[in-house]
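These protein sequence lines map, in sequence, to chains A and B.
Sequential numbering from 1 applies to the first sequence in the numbering used here.
Sequential numbering from 1 applies to the second sequence in the numbering used here.
Hint data in this document are derived by calculation from the structure and do not stem from the laboratory.
Treat the hints with care, since some could be wrong.
Straight-line alpha carbon distances no greater than 27 Å define the calculated DSS-like cross-link-like pairs of lysine-lysine that follow [claimed, not checked]:
hint, chain 1, residue 1, chain 2, residue 2
1, A, Lys26, B, Lys121
2, A, Lys246, B, Lys149
3, B, Lys121, A, Lys73
4, A, Lys26, B, Lys235
To be clear about the criterion: a stretch of chain A counts as covered by chain B if any three or more of its residues have a C-beta under 8 Å from a C-beta of chain B, and this derived list gives those stretches [said to hold, decoys possible]:
hint, stretch
5, 20 to 34
6, 47 to 53
7, 91 to 102
Quick list of simulated restraints, FRET-style, between CB atoms [as the list claims (entries may be wrong)]:
hint, chain 1, residue 1, chain 2, residue 2, range
8, B, Tyr112, A, Asn76, 35 to 43 Å
9, B, Gln85, A, Phe124, 49 to 57 Å
10, A, Ala33, B, Asp184, 35 to 43 Å
11, A, Phe158, B, Ser25, 36 to 44 Å
12, B, Gly66, A, Pro2, 23 to 31 Å
13, B, Ser25, A, Pro2, 53 to 61 Å
14, A, Ile206, B, Leu107, 51 to 59 Å
15, A, Pro2, B, His244, 27 to 35 Å
16, B, Gly66, A, Asn31, 51 to 59 Å
17, A, Lys41, B, Gly73, 51 to 59 Å
Just so you know, even glycine gets a beta-carbon here, dropped at the ideal spot from N, CA and C.
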Amino acid sequence: MPADIVLKKNQDQSLSLFLSGEWLSKNNIDNRAAVFDAVEKKDFDSIILDGSQITQWDSQLTAFLVHVMEICKQNNIRCVLNNFPTGIDSLLALAFAVPKHTEAAKTIQHKAFLTFLGNVVLQFLEKTKSVYAFARQTYASLVRFFLGRAVMRRADLFYEFQEAGPGAFPIVSLICFLVGLILAFVGSIQLKLFGAQIYVSSLVAIAVTRVMGAIMAGVIMAGRTGASYAATLGSMQVNEEVDALKTMGISPFDFLVTPRMLALSLMMPLLVVYADLMGILGGAFVGIFMLGLSPEDYFRMTMKALLMKNIIIGIIHGAIYGVIIALCGCFQGINCGRNASAVGSATTSAVVYSIVWMTIATAVLTFIFSVCGV
Amino acid sequence: MTVPFLEVSDFTVTYGNTVIMHDVSFTVNKEDVFIIMGGSGCGKSTLLTVLTGLKQPAKGTEMFVGRPFWGNGATKADRDALMRQAGILYQSGALWSSMTLAENVALPLEQYTFLTAAEIKDIVALKLDLVGLGGFQNYYPAEISGGMKKRAGLARALALDPQIVFFDEPSAGLDPISSKNLDDLILQIKENMHTTIVMVTHELPSIFAIGTNSIYLDAQSKTVIAQGSPNELLKNPPNETLKHFLTRGEK
Ligand SMILES: Nc1ncnc2c1ncn2[C@@H]1O[C@H](COP(=O)(O)OP(=O)(O)OP(=O)(O)O)[C@@H](O)[C@H]1O
Ligand SMILES: [Mg+2]
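Given only the sequences and the hints, what does the whole structure look like? Please build it.
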């Protein structure tokens, strides 16, 4: 038998509620809504609850009673409990033992549009300030490092170099080889029309060294290393590990940010050279095995197209991307909130901001290089 | 004679090849406050993960309300069904940080009952009232103190009116007053809701105040070296290690 309530309006301005059945959390309460509608009307001065027909009960009953009693309390309605199972009194007493927390009882508010706009602007200013503070502290920390005064563990530094460099070889090899392959393949379709397949080698060599190698390495490192920086520093923030460093007088910038900055900005140029190599190999794969060019011809043409100028431009891109990725990753990590979902959004932002800023940097660099005529 | 509420026989628990404990047997009766004592690193938390079905014992059986839980042909489905009658309060509270307190308590109710949203809201309010957090429904775990997190964790553990609640060091990190209040709360909830309690704790005042039965896990011999009500054990300690533990090494 499920939980049931019978309502009865009495002559003397009181309302009787007869509760019966199994008041268990696995059952729904019949006509619960009707009862609360009646109670909310408050056209009576006392409520008499009768529990003599209740066969079984758990929190379902207690929760219902607490709700009814609270409404009564707020409206100065007398509330009487008759024939309720033993044990429920002490539970009710326990539930009412601590007064409800009301001061600034939190409710979710809908804000007006102007308030919303204002908050967005304020948040943006706040963010800009913290970016500036971060950049300043990172710079100060780098200066300390070069003066030999930064506190960090050499093992950490080596580990970061290892992770940002050789650790990325497998994925960089795979992706850049494929990109070289795709470039050659797509290019060859057009060049074949003119019988100029041999220029596939030049196309791949120029495209990969000038910008593609750097961009591919950058995107890979943003997803791989930038995200890992944000997640690592973010969870250190959550576990109060960063606080522990600060209270020991160790700057988290010296200890955590600088090693990562150095590692990524020094390893990125090398990764770019490696990515160039892999891209050229990918192109050669198509040229030699699918277009039937001879290896000697292919590499001769490649060497002709490889200009020191382009390689250096690629490396410059790489170095700048490295700085951007390390900055975004560490910034998001250090400014991470103190819970698990904050770490998630820090990681996402790290990758998104890295890619956005890399794109902006590429545009600026391309403009500068073309103005300078290189 | 009634069936024991929770019965563990001959547990051996290992991590890889390292034996953490062996030949551990004990019985928890209904409405006991059963304390698992032992020095740091002796495997209390590990034992709790086994008792709650997260880790498999290398050997041994566990019976829960007369039904097999580990061994005797128990399957994962059996364990899941039985664990629905159990609540767990983790050492850190383990509240889900992306949900408000009300959402934390409501989740098990939404998962395992057919209650309407209004009924769930009432039950959530009751559980938070019971642990003294009435009115904190819309707070996030990051916005309340450590002791409040423990109590909110308790409210969540109590969401489904469990028959048994497991506690891992409920008073760790609380001040003596809060820790005593939490003990009182646990006792009151036990008495009012007829819950059985299995608790890992180092807090001597708690042990003596609320424990009705206990075991002592020894890190050296990796097994249970004493069993009984804590107050009895204090009067007649069966060995030096336990005496040392219960008297904090004082003479
Ligand atoms: N994942 C794991 N792999 C291997 N060994 C582990 C693992 N977790 C714990 N241990 C070992 O098991 C033993 C018991 O650990 P456990 O966390 O259960 O101790 P405890 O009694 O709860 O200690 P404390 O009181 O400090 O919380 C320890 O020696 C620990 O080194
Ligand atoms: Mg432990």
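Each hint tested on the structure:
1. A:Lys26 <-> B:Lys121: Given pair lysine 26 of chain A, lysine 121 of chain B holds - Cα atoms ~15 Å apart, limit 27 Å.
2. A:Lys246 <-> B:Lys149: 26 Å, holds
3. B:Lys121 <-> A:Lys73: 19 Å, holds
4. A:Lys26 <-> B:Lys235: 46 Å, violated
5. 20 to 34: holds (count 6)
6. 47 to 53: violated (count 0)
7. 91 to 102: Per the Cβ count (10), the hint holds.
8. B:Tyr112 <-> A:Asn76: 35 to 43 Å: Between tyrosine 112 of chain B and asparagine 76 of chain A, where Cβ atoms are some 38 Å apart, the hint holds.
9. B:Gln85 <-> A:Phe124: 49 to 57 Å: 51 Å, holds
10. A:Ala33 <-> B:Asp184: 35 to 43 Å: At roughly 37 Å between Cβ atoms, aspartate 184 of chain B and alanine 33 of chain A fall inside 35 to 43 Å, so the hint holds.
11. A:Phe158 <-> B:Ser25: 36 to 44 Å: At roughly 50 Å between Cβ atoms, serine 25 of chain B and phenylalanine 158 of chain A fall outside 36 to 44 Å, so the hint is violated.
12. B:Gly66 <-> A:Pro2: 23 to 31 Å: Given about 28 Å between the Cβ atoms, the range holds.
13. B:Ser25 <-> A:Pro2: 53 to 61 Å: 42 Å, violated
14. A:Ile206 <-> B:Leu107: 51 to 59 Å: 57 Å, holds
15. A:Pro2 <-> B:His244: 27 to 35 Å: With a Cβ separation near 56 Å, proline 2 of chain A and histidine 244 of chain B fall outside 27 to 35 Å, so the hint is violated.
16. B:Gly66 <-> A:Asn31: 51 to 59 Å: 38 Å, violated
17. A:Lys41 <-> B:Gly73: 51 to 59 Å: 57 Å, holds
In terms of the numbered hints stated before, the structure departs from hints 4, 6, 11, 13, 15, 16, listed from lowest to highest.
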